[in-house]
Amino acid sequence: MELAILTAAPFLLALFLALPIARNNFTQSAQTWLSSLLMAGLFLWLLSAFPRLQAAGPILQALDWLPALGISLSFYLDGLSLLFALIITGVGALIFFYCGFYFEKAHEHNRFVIWLLAFSGAMLAVVLAGNLLLMFVAWELTSITSFVLIGFKGKKDKEAREGAFKALFVTSAGALALIIGIVMLSAAAGSLLYPDTGLRLVADFAELLEVTALHQHEWFVLFALLILLGGFTKSAQFPFHFWLPGAMAAPTPASAYLHSATMVKAGLYLFARLSPVMHQNGLWTSMLLTVGLITMLIGAYFAVKQRDLKGMLAYSTISKLGAIVAMIGLPGQNGLKAAFVGIIAHALYKSALFLVAGTVDHATGTRLFSKLGGLSKQLPALFVVTVISALSMAGLPFLMGFVAKETLLEAMWKYSGERAGLVMLVVTASSAFTAMAAYMLIYDVFLGKAKRENHIHQMPRLILLSPLLLALASLCLGFLLEPLVIPLLQLAVPKTFKLQLFPGFNEVFILSLVILLLGLLLFLLRRWLIAQIAFPLSGDGVYHEFRLAIDWVGDQVLRVQSGRIRWYLAILFGAVAILLIASGALFDVSAGHQLFPSNFSLSPADVAKVFMLALSIVAGLFTVWVRVHIQAAIAFGVIGYAIGVIMLIEHAPDVALVQMLVETMVTVLIILMLGHIPRSVRDKMSVRLGGGGRQDKFKLSIDLALSAAIGISVFLFSLIALQNRPERASIASWHLNNAQQVNANDVVGAIVADFRGTDTLMEIAVFTAAALGLLSLLGKQRYIDSPFLPAALTAATADTGGKWERDAEPLSTPFTRSAAYIVLAFASLISIAQILYGGNGPGDGFAAGVTLGLAVTLLIVVFGYNQVRERHKWFRPEEIVRLGLGIGIVNALMPVMMGRGFMGYVQYDKALGIYDLVGSFGLHFNSSLVFEIAIALTVMGGLWMIIEAIAYDPAAIENGDSPAKEESALL
Amino acid sequence: MMDFVFALAIGILFGIGVFQLMRRDLIKVAIGFAILFAAVNLFFIAAGAFEGEFAPYADNVAAGLTTSDPLIQALILTAIVVSFGSFSLVLGFIYIISRRYETVDSEDKHVTALKN
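Residue numbers (the numbering used here), protein chains in the order written: chain A, 175 to 1145; chain B, 4 to 119.
Simulated from the structure, these hints should not be mistaken for laboratory data.
Relax, there's no trap hidden among the hints.
Per label pair, the in silico range of CB-to-CB distance:
no.: 1; chain 1: B; residue 1: F96; chain 2: A; residue 2: K873; range: 19 to 25 Å
no.: 2; chain 1: A; residue 1: N912; chain 2: B; residue 2: E56; range: 17 to 23 Å
no.: 3; chain 1: A; residue 1: W393; chain 2: B; residue 2: F47; range: 42 to 48 Å
no.: 4; chain 1: A; residue 1: W393; chain 2: B; residue 2: F96; range: 47 to 53 Å
no.: 5; chain 1: A; residue 1: K873; chain 2: B; residue 2: E56; range: 47 to 53 Å
no.: 6; chain 1: A; residue 1: S777; chain 2: B; residue 2: F96; range: 39 to 45 Å
Stretches of chain A that chain B covers, calculated by requiring three or more beta carbons in the stretch to come under 8 Å of a beta carbon on chain B:
no.: 7; stretch: 811-819
no.: 8; stretch: 905-916
Where a beta carbon is used, it is the ideal one built from N, C-alpha and C, also for glycine.
For reference, chain B alone in the conformation it holds in the complex (with noise of 0.2 Å):
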């Protein structure tokens, strides 16, 4: 039941974000790369949620609880650092655009003019 909700959640957010890809406005661009981040991110936790009723702590696992997946968390970890990084790059880019046109619009002239 749980992994037809989280698919549903991460489906929704997915294509929430997709369509603030296609906004004009580049800040709801960011926004929907930020949002993208988030679904595939929340993807991993619903991958990595398997019955797991304690943290992954040692002590845990000596107490023959069962724990969640340690790896799958780690790799989250990694994921959410280097998101951030890339979208604060995204941020950077809308910023200097928004200096050197006074515009956030992707489909200002001096913004299309740019792939030529």
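So here's chain A without its partners, still in its complex pose (with noise of 0.2 Å):
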């Protein structure tokens, strides 16, 4: 549990920030200190954690999530997720708290600190689970949080948001391998596990890390490719490590933190965890070897051409990420413990000198080698930082970074597999690259010339302690080997091993000395050297390429997009018929069952039956034939009715009523609508069918031809369902007989408010959306100034909006007057009753809410939408709808808190000890009857939003012919 919370922590604090009232209240100042000291606080829960895993092991904490696929939501703490864990938290508190001076404008910086608190979630969510899916999870919401932060700039910044997108687009890419390959593994493992139940998922990791013949299963190949690609793309691996220097247009604290200390360091950790049951296969460790080791070189190349600070960070990182990934895969796992200590070293010097970056920037307002030298008189404090750290990068003793240096040395002297001489070169080659690198950060930036007068702007002081402790632990940490790294890698590193600061005078160390005076050397050459850097091949150029390419995919797809309704439902209707045909699913269901019936006989209910699926049809072909849309809106109406009689014949009362409800509402609806849109408009298109030129028999002809064809398959198809339809599915029994434990004698009812309640809810849920889509496109003309569509369509709506005449009257007359209060009245008896005896028999929430739209719906018509917006208080649909929701919501949540799970049935009278005195009146208030008045207040709410969106005539308020004003002036 502690481990969940911990995960959970940076979310609700996220959210927490988000809120109006903290975002409103609470300064700059107290955001940081609370992002901080939660980091700082994770930090030291963690570091209390170790003598627990030092005396009992890892520590295993599982909640249920899917338990009948056997997935948990589980979350492991070992040595490895404890020091990656350590570095999150850790480096996180330093980088919450240089943020809050980093940015000037305090809702840049809520926004950022909201969005890094959740990426810092996302991120111990990643090292802390302890599934593989779980861990997926949180692996694309670190995907997700970093697409956002490297766009942060996005809506002034091009670059910001094509680098952004072009981070999410390799990762997620890489994400859809790695789940394919994870869902694989697990499959195996599981199969070697339980070899003799069906498919079954093992991904945790207790179990998982125990299979230690996963790499002799058949599938190997295919799953440890497809993880290797999810953790090359996250890690900016050699060829997907183009994204990390265009994620770089980040603000810095996000670039130290997610670009370089933690989320590209997830694809290291999948790896080392991994590791135990994969590296037995030489598949595994040489790819890792290999792509580490060209990634290495390629990154320490290039980053000492690049021409920006950040840049520079960028492509050493990548080369440090590379050196990493091949010492994870070092045969034997002999290279985890320089790996780790890798880890450790570059978190800390590498975060400090992005913090340098970003303080050099604020300072100067430039990163550009070219216009940066001489700062270190000015920027004294950030001098020391960046000797400190960029020496560690280079590996001077007795840094941190030199201990990183000597063990990867270490290792690799003892690798003796294929061509350990080329192994060898590489790596010195690209340490010397880095070395150089770090020289350059060190003299053009900080010594040299001062390129101009250098114009310093003033920074709070309290923006230096960040990169300073970074640095001082680059400095210190090397001397407290003993008391704090040691034991911490005891737990990450499988076998027992040696770490010193100082081994002694031998290869290794010359070695070490050696790489140190080439950096020197080259650093000399460097204008010149830097003029002969170049590569043929980027992996950007592909990702162009690439990108390109799924452009013209997307634009021949568009083609097929015509616009045309004929085509989409030729299209539909025929892919459906062609699926039902070749499957032969069609021949397989009707097979044995006698299609068309024998004897003609009828019951009487049945001819009643009949004659309203006629009375329908014709209606049907009415509106299809008649000219004026009116009648033809008359018509659908009786469509509908015929439907809802049929409903009563089958026994469906509820449902009649609210058939019936809604379809009056349906052409009260159409023809408020026709009563806004001019007789001349409409009339145009009142045109005889088949009427006019060749072309349009022509057109008719189709149009007849493909709907009699569609037609006649939904036919088949539903007489072949009808036909093979179960006689009842056994839950219709269950629900029929469990009804009254909920108190209800309506079934139907106690389904709708109960047994499904969630459906119903979500479906409220949907109707509120589709109400307010609409109010928010017709409503109060807000579309005009839109900044959503085009301007073509801003243009022509300003062309008409003037000249608009309104042909409708209001139906204002003292008899429809008292006649729509009289109606409004009843209507909400009505209402209420529904509401209150919706248990015991037909009527129920939506009837209620119907019911009462209609009313409403007639005192519009009679005093027109802003006279009854005017008079009435209680005419305000977003609230209702709001209220409605709420207490749907809240009544969805009670039964939790009382522990009867979401939506629970809950007796509210029996609790509160009035189930007598409520029973007296034949009533039971319970969770069902809460619902019922949420269900109605979101249906009421909503349909009056449609009401409003439909019968509010924004001209006539602009030309101040409103119906309350022609109102008071009669009066």
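Combine the two chains into a complex, taking the hints into account.
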């Protein structure tokens, strides 16, 4: 449980800071302290877990998630996850502190901190997840938050948008491969562990890491390659490394945190995590080694060519990631120690350097080498940080980076596999280039000649605290190996090892000195050297071509989108018909059944049904044939009522009631809308069918053929479906027999409000969404200024806006006015009765909501929208919907608090001790009743919104001829 | 026998709905939509109609009477309300098109230009 809370804590703080209360009342420094203290607290908590791990081994905590599939929400803390989690929280605390001074605008800071907190939660989940699938979910979350953070300046900055997209594109493409790999691996592990059961996923690390035979599984090559692909893309390995430099468009704290210290190490974590079961296979290790070394060399080589401070840091990060990947790939897990030491050292010096880059940018307004120089006098503290961190990066004794470099060289020195000489050469060369980059960082930025009168922008002193602390750690950690680093590594590294600050004058130490000198030589030759650097193949170019190709495919697909309904229908139904026929499904199910009836006897009820069906067909044909729109609308109403009657005959009184009410509403809506469309516009369209020229006749015959074909296939489909349906689903009998348990007589009502209440909750939300969409589309003409509409649309609106004329007159006479109020009163009574007694007979929340909706529609028709809105304070659709959905959600959550699960059944009357009192009125005050009220309110409010959208005439308001004014003028 | 009649009616109504969808007159298109919804709801009704002789009330069950299938009815109830919501959106689109371009013709040049 603690691990789950630990992971959730950053998310919760992010949510809290996103609330208006926190945003408006907490100052930037309060938010800074909150976020960095949270991270520091998590860091300390993790440290305190250290002795427990030493004593009792890995901590495993699981909550049920999908118990049926054997997947749990499990968290796992061992040495490896502890190492990463300490980096995430420790570096995180410093980064959050730094953010407080990096951003000058409070709202930007708030937004950034929210996303960065969300990221750190996701990243903690990646390393603390005890289950591959949970880890994958968190992995994707880090990609998404990284996307937002890279594109943070997206509105103004095209580069940021491009970079964000590129990063997301590459990492999520890799993640697609990864999830397939993960599922295959878990299935393979499942088949090895439980050979006799069917498909079973084994994704929990605690179980998975015991499957030692995994590397012999027949699928190994496939899932190993897929997982490698996922890790390589995430950790910016060649040839996918190009997204990382693009990601430098992010604000610097994000670059330091995500793209150097944590997220890009997720791939390394995955490789190290799976190493125990994968490393025996030569494919796994040789892929890691090869790709890692190539990346190491290329990254170091390109780093020195960069003209931008952050660009250089990005490429040198790529190089270091490559080095660590290669370490993990050393056969026999010999490089794990070096890999972990490298991860720690890199997190310290590289985030410090990133923060320096950010601060330099902040102070001088540029990050270009060509414009920087001689800053050591103006920014002495930064200079100290840079010297320590850059020398740690170069590997100068006795900084932390030196320990990392020593262990790396030592591990490589011991490597005796294929092409050991070449490997050593690559390592030496890239280390020399890294040293060269480190010298350049120190000399070209802080020493040398000042390039111009550098204007130094004043900064708060505290901005220097985080980089200084990081540099201090790089400086001291090497001397604290014995008490701090070694115990941690002992938990994470599976074999015994030695780790010393100074192992003595051996070959490795000499090599390390040679590298430093070689780097110095390269540094002196840098002008000549940089001019020589060119590389023909760039991953970025390939990516660009690929994106163009995708765009091209998109264009081709769009050509199919002709905008012609006939074409769409033909494709849609044609595809269904081909599927039905080609798969043989149609013939399979119809086999052995007599499709066409042999006797034509009808019971009296059947005669009524047949009559109603015939009526609806005639009405349908009438809507086709008739030219006047209002007649078509009324004919459509007839179809709906006929179906309503059929529902009644089929013993479905609740449905019939709602159907008739909704049908009335639909007809009223169509007529209301027609009233707002001028006759001249409508008349242009009321032409006789098949009138016009030969072309029209031809089109008409195509339409007829198409709809006849579709009609016939639907007929056959329904016939077969109806004749093959099961007698009655067993769940139906269960519902029938258990409705009493929720004190309902009406089983349909019980299903809607209780058994399948979540469905209903979703459904009223969908209904609200439709109403809201309509309101924002039509209401209050907000759309004219909408930035989302193409210019042509707004122009067209402006053209017609002024000369709009109203045809519809309000039907306002004394009789209609009083009638409208009487109807409203009755409708309210009926609705209340339906809500209260819906459990016993026909009627429920839907019916109540629609009834009141209809009554208010009448009111609007009579008085006009404006007057209803002005006169009646209760006519506030938005508030009503909010109230309804709110009650619905609270009602769904209340049982959770009482331990009954989401949407559980609660008898509030019993809980309050008023069961008998309420019962004497034939009522039950329970969660179903509350939910019926919520349904009624939501449906009513949604209906009002829809009416508002249709009946609201903005032109009338603008022209000042609102019905309300007319009315008051008359009085 | 009733299965056959129901299927026939569903097929015809569906065909009418599709035909209306292809009209140039957008108001007819909207009505076509609504007819399609009606046809689908009718299908569900027909699927739920099974020798039930009484409404699905618990006291009817207790009295040992054969009731109709309550689950399908609950689902149709939901379907009716949702299809009404989407239908009102369709109406809204038509309304806004008519306001902006003073036309209800789906092949009007303004309307067809929208897809670019």
